[in-house]
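Q: With chain C held as given, fit chain U onto it using these hints.
Chains as they are written, first to last, in numbering that gives the first Met the number 0: chain C, 0 to 196; chain U, 0 to 196.
These aren't lab readings, by the way, just hints derived from the structure by calculation.
Any given hint could be a false lead.
Stated by the list, open to error - Listed below are the simulated DSS-like cross-link pairs for lysine-lysine, each with C-alpha atoms no more than 27 Å apart in a straight line: (1) U:90 - U:135; (2) U:85 - C:136; (3) U:85 - C:170; (4) U:136 - U:15; (5) U:185 - U:6; (6) C:6 - U:136; (7) U:6 - C:185; (8) C:170 - C:122; (9) U:90 - C:3; (10) C:29 - C:120; (11) C:135 - U:6; (12) C:90 - C:136.
There are 2 protein chains.
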Amino acid sequence: MLDKLLKDINIVLASKSPRRIALLEMLNIKFLHIESTADETINEQDHKNPRRYACRVASDKCNNISKDMFPNCLIIAADTIVYHNKQILGKPNSEDTAFAYLSSLSGDTHAVYTAICISYKAKRYSAVERTNVVFKKLSEQEIRDYIATREPMDKAGAYGIQGYGSQFIEKINGCYFNVMGFPINKFYQLIEQILKG
Amino acid sequence: MLDKLLKDINIVLASKSPRRIALLEMLNIKFLHIESTADETINEQDHKNPRRYACRVASDKCNNISKDMFPNCLIIAADTIVYHNKQILGKPNSEDTAFAYLSSLSGDTHAVYTAICISYKAKRYSAVERTNVVFKKLSEQEIRDYIATREPMDKAGAYGIQGYGSQFIEKINGCYFNVMGFPINKFYQLIEQILKG
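Isolated chain C, as found in the complex (with noise of 0.2 Å):
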């Protein structure tokens, strides 16, 4: 189990989102965690390619860390969007976009990427996991009570799974922590892979 497996591993988590941050700590896992930031601009042909867009803003959470303050530590990083007809939804800059983004969703699969980049020993790793999402049709009225929430507001795609957001969830495919922001199977094949290496 990973937490046997990294006991004796120095841990940076590189995210202050509290879900990461409760994902670990349920997994019994001992860790720092510190913010890293990373240019999240999407551009045009990251439209195109969501997989390499969370990868390239992973790596670079990652590489912000500095190595020399956390010499010897495993350092994680993930980032978690939304893409939806052929667009990638990131975390909403106003209430209008919240409720852009919701319509848009509405009654209507869409996808979720993370992709997780890990530092260890001069060496980097990282992988992509993705799960359909399956939302049930909101009125509009549903989307103004889920906006004044605010949970909304600081989630990739205007909304969480794991909160208010769970109504609205008719059923998934593949793996749910990946939705709430940390694919944790697709870590611990990651992990066993770099420790066996």
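A: For chain U alone, coordinates are given in the frame of chain C:
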């Protein structure tokens, strides 16, 4: 949204499950919870019809709450089972049973059924949700380490998707909250039907 629909209704959750309690709290629903027991004996013919079995147990749990003690309340009961190789897997009664269940789920796909039964204004409503779950191939050591956490012992099928067990789940197809013990979107649909009727 659910909290708005239910805000003037007295809700009783007929369950002591910490997962069900946490999910309703996450949705900002105000409710009382009370333990309700049912005969959960699994007979030979139950293995042929897991939906019917889960419905019967949820219905019994709902019936066993006194309508005199909670008049004018909306009473919610639920039962969750794991179904694999044409066998219903309930809560393991020993570590050996937990080991057998986890060995059987390892590297394979199983189904999780949750039945909900609601009593409101002298009427009964019910629904069943199914989610398919794909487990990673587990080593004997992983199973032993997992049992040592005690997490499997009070859970149908001997695992919890929201705890240490999360690392063993490669993917799911369906509602995640159904696997946790309460299919939130299905519940939302049912409440909308009930309050319209």
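Q: What are the numbers of the hints the structure violates, in ascending order?
A: 2, 4, 7 and 8
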